[in-house]
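Using the hints, position chain A against chain B.
2 protein chains.
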Amino acid sequence: MDIKQILLASRPDGMPDMNNFSTTTATLPDITDGQVLVKPVYISVDPYLRGRMKEEKSYIPPFRINEPIESGGVGEVIASKDSRFREGDLVIPTGKKPFFPWATAAIFTGDTLRKTDPGVPPTYYLGILGMPGLTAYFGLMDIGKPKSGETVVVSGAAGAVGLVVGQIAKIQGCRVVGIAGGPEKIRLLTDEFNFDAAVDYKDNLNISAAIASACPNGVDVYFDNVGGPVSDAVMEHLNFFARIPVCGSISLYNSTETPTGPRVQPTLTKFSVLMQGFTIGNYAGRYHEGMQQLVEWVKAGKIRYRETIEEGFDKLPEALLGLFSGRNSGKMIVKV
Amino acid sequence: MDIKQILLASRPDGMPDMNNFSTTTATLPDITDGQVLVKPVYISVDPYLRGRMKEEKSYIPPFRINEPIESGGVGEVIASKDSRFREGDLVIPTGKKPFFPWATAAIFTGDTLRKTDPGVPPTYYLGILGMPGLTAYFGLMDIGKPKSGETVVVSGAAGAVGLVVGQIAKIQGCRVVGIAGGPEKIRLLTDEFNFDAAVDYKDNLNISAAIASACPNGVDVYFDNVGGPVSDAVMEHLNFFARIPVCGSISLYNSTETPTGPRVQPTLTKFSVLMQGFTIGNYAGRYHEGMQQLVEWVKAGKIRYRETIEEGFDKLPEALLGLFSGRNSGKMIVKV
Numbered sequence: 001m002d003i004k005q006i007l008l009a010s011r012p013d014g015m016p017d018m019n020n021f022s023t024t025t026a027t028l029p030d031i032t033d034g035q036v037l038v039k040p041v042y043i044s045v046d047p048y049l050r051g052r053m054k055e056e057k058s059y060i061p062p063f064r065i066n067e068p069i070e071s072g073g074v075g076e077v078i079a080s081k082d083s084r085f086r087e088g089d090l091v092i093p094t095g096k097k098p099f100f101p102w103a104t105a106a107i108f109t110g111d112t113l114r115k116t117d118p119g120v121p122p123t124y125y126l127g128i129l130g131m132p133g134l135t136a137y138f139g140l141m142d143i144g145k146p147k148s149g150e151t152v153v154v155s156g157a158a159g160a161v162g163l164v165v166g167q168i169a170k171i172q173g174c175r176v177v178g179i180a181g182g183p184e185k186i187r188l189l190t191d192e193f194n195f196d197a198a199v200d201y202k203d204n205l206n207i208s209a210a211i212a213s214a215c216p217n218g219v220d221v222y223f224d225n226v227g228g229p230v231s232d233a234v235m236e237h238l239n240f241f242a243r244i245p246v247c248g249s250i251s252l253y254n255s256t257e258t259p260t261g262p263r264v265q266p267t268l269t270k271f272s273v274l275m276q277g278f279t280i281g282n283y284a285g286r287y288h289e290g291m292q293q294l295v296e297w298v299k300a301g302k303i304r305y306r307e308t309i310e311e312g313f314d315k316l317p318e319a320l321l322g323l324f325s326g327r328n329s330g331k332m333i334v335k336v
Numbered sequence: 001m002d003i004k005q006i007l008l009a010s011r012p013d014g015m016p017d018m019n020n021f022s023t024t025t026a027t028l029p030d031i032t033d034g035q036v037l038v039k040p041v042y043i044s045v046d047p048y049l050r051g052r053m054k055e056e057k058s059y060i061p062p063f064r065i066n067e068p069i070e071s072g073g074v075g076e077v078i079a080s081k082d083s084r085f086r087e088g089d090l091v092i093p094t095g096k097k098p099f100f101p102w103a104t105a106a107i108f109t110g111d112t113l114r115k116t117d118p119g120v121p122p123t124y125y126l127g128i129l130g131m132p133g134l135t136a137y138f139g140l141m142d143i144g145k146p147k148s149g150e151t152v153v154v155s156g157a158a159g160a161v162g163l164v165v166g167q168i169a170k171i172q173g174c175r176v177v178g179i180a181g182g183p184e185k186i187r188l189l190t191d192e193f194n195f196d197a198a199v200d201y202k203d204n205l206n207i208s209a210a211i212a213s214a215c216p217n218g219v220d221v222y223f224d225n226v227g228g229p230v231s232d233a234v235m236e237h238l239n240f241f242a243r244i245p246v247c248g249s250i251s252l253y254n255s256t257e258t259p260t261g262p263r264v265q266p267t268l269t270k271f272s273v274l275m276q277g278f279t280i281g282n283y284a285g286r287y288h289e290g291m292q293q294l295v296e297w298v299k300a301g302k303i304r305y306r307e308t309i310e311e312g313f314d315k316l317p318e319a320l321l322g323l324f325s326g327r328n329s330g331k332m333i334v335k336v
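Line by line, the protein sequences give chains B and A.
Position one of the first sequence corresponds to residue 1 (the UniProt record's numbering), numbered consecutively onward.
Position one of the second sequence corresponds to residue 1 (the UniProt record's numbering), numbered consecutively onward.
Next comes chain B alone, as it looks inside the complex (with noise of 0.2 Å):
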C-alpha cells in the first residue's frame, strides 16, 4: 500500500518553520498474522513534540531526521490479522510508544492497539481522556494538592492541559485564575468555563500587578505550563508552602540561547515552595485511576472540552507550528 508521511527534514534552531519537515512518499508490506493496518482519522498535536525535535537527552527520544514525526492518534482499522480487530474499528495506539507515525496509514501488532469506547467522542482520548487530560489530573492532584478555598493560578489556561487543570481546580473548591492570551481566550475561560478571574499576558504591562488583583489571597498552586516571563510575576505572589507542579514550558522551547530569568531559589526558601517538574509517564501505574475520575466528571457535566480541529493530513506542520502561536483553543487536532 502507497503512503504518504511527513518527516522531520531538519533540527529547528529557534523558532521551528515548514523547512523543517519534508513530504515524502513510501509504501507499506502486507500485514502478517496479528498485525493490525490503521488509518489516522485525528492526529494530535502538542507542545511537548517540539522536544522530541531537538538532539538533547530527555524523558524521550529525539526524533530522527528524515523519519516521520510521530505523535498520539485515533485511527481506523482498514485490514486485521488479529481477530480482536475488524475492519471499520476506532482503534488507539496503546504500546510502549503509543503513537501514530505521520502517515497516512501504518502497521502495528494488536497487542499495541486498543479499540475505542462507542460512547465517547473519538477525539476525547486525545484530549480529556488523553495525555493533556492525565497530566491536568496527575499535576494537579499529586503535585498541586489543592484544598478547597486555596487559589490555583494555571498559565496556557486556555490550552488542552490548563482548562482540565482549572476545571478540576473549581471541582476541589478552589478560587482558579487562569492566564492566556487575548480577549477571546480571556472569555473563553471566564464565560465559559467559569474561572474566576483570568489574566491576559499579551494585553497586561504589568502582569505582575494583573495577577496580584485577581489574587488577593495570594497564590496557592501554580500550575506552570508556560515558563518565562509569566511564571516569573506568578512567583511574586506565591503564599507560604505553595505548590507548583512543574508540566511545560513553552515560552521557552523555542529559545536559541538558554534562557535566563529570576534566580528562583531564594523565593522557594523563603516561602517553603515546592516546584515538581513531571511528566504524565511517571504516572503509567495510574492511569486507570485517572481515566475513571475523568470520565466520571466528563460523563456528570462538570469538565467540559474545548478543540481546535485542522482538517487535512498535510496540515499537521502548520498545526504544530500553531501552538507556539496559541492559534488553539483547548485540544489541537488534525482531522487526516
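FYI, nobody ran anything at the bench for these hints, they're computed from the structure.
Predicted model only: the values in this text are computed from it and were never measured.
For every residue, glycine included, the Cβ atom is placed at its ideal position computed from N, Cα and C.
One thing to keep in mind: the hints can contain errors.
Stated by the list, open to error - Coverage of chain B stretches by chain A, computed from C-beta distances (three or more under 8 Å per stretch; other residues unrestricted): (1) 236-247; (2) 255-262; (3) 273-284.
Just chain A, lined up with the frame of chain B:
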C-alpha cells in the same frame, strides 16, 4: 544592671559592613518572679541573619533599626526567680523566638529556657544538635530521601549545615561530593570528613566539568546551600527524579538587584526533578526525632563536627560578615 548591646544601625544595600551595626549601653531592670537573668556564653552567627537585616516578607520578621540583633546562643544563669534555674546553669532559649539578643545579659521568663545536657559540649546546641544539624537532618532525609548507592552533592559543604549533610549521606550509603571554596576546606572534606570527592569552586574555571568528573553516575540529590552559579553547574548533571532540598542561597544574599540565572523549569520537567524550599521551623513538631537520631550518631562517633570560634562580644558583627567570605569551617560561633 548595665549591659552592652549591638544594634542594627541601618539596612545594608548589598554586602553588609561594620557601619550597619552600632554598639550602645542600656540598663536592665531587676528581675521579677518567674524571670531569669542570663549572660550569653556562646552566640551563634548564621547566614540566615542576613535575610533579617532586610525589610521583606519572609518566614521570619526583619530586625528593627536601632534594636538589638538576635540569634541563637548558650548562656549562663546569673540570677533567677524561677525555681527551676539557679546561678551557674547553662541554658538555651527555646521559646517561640529561641534567640539571645546581642547583649551582654538579657532577661527571660523561665518558660522560654531549657538547661543544656552536661554530657554534651554546650556549643553543640548551636551546631550539630541545634538549628544547623536539624536543618541538615530534615532537609536531607525528608526532602532529599537519599538511597544507598545514589550520589549526593552538597554545596557550602564545609559549613555548619553542609558538614552534617555529607556525613548523614555517607551513613545512608551514598557517594558524597562536597563543593566548597579553597584548598583547606577541600582537604577538610576529603581527609577529615570522608567525603568521596570535593570540588573547589574558587579554583575551577569550569565547575560543571569538575562536578561531572566527581559524579560519574550523575547527581541524585543536590542539597543546595548557596544558589547562584555553583547551583547552575550542579543542575547540569541531575539524574531523572533528582531531589533538591533548597536550604539557602548564601551566594545571593548580598545581591543589590534581583539575581538572574539560567531558568530551571525546562530541567525540572525534562528530568522530573523536585526542588523544595524549606526552613527548620517547618519541622518544629519533629525536633525530638531529629535530635535523638543526631545524638545517637554523635555518641557512636559516626558524625563529627567542626566549629570556628571567635572570641569577644564585640566580634559578633565581624564574625557574621565573615560568613559571606567563607572564613568559617563548620559552625561559626562567638565566645562572649
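To see whether the hints hold, each was checked on the structure:
1. 236-247: Check passed, 3 qualifying residues.
2. 255-262: holds (count 5)
3. 273-284: holds (count 8)
Of the numbered hints stated above, none is contradicted by the structure.
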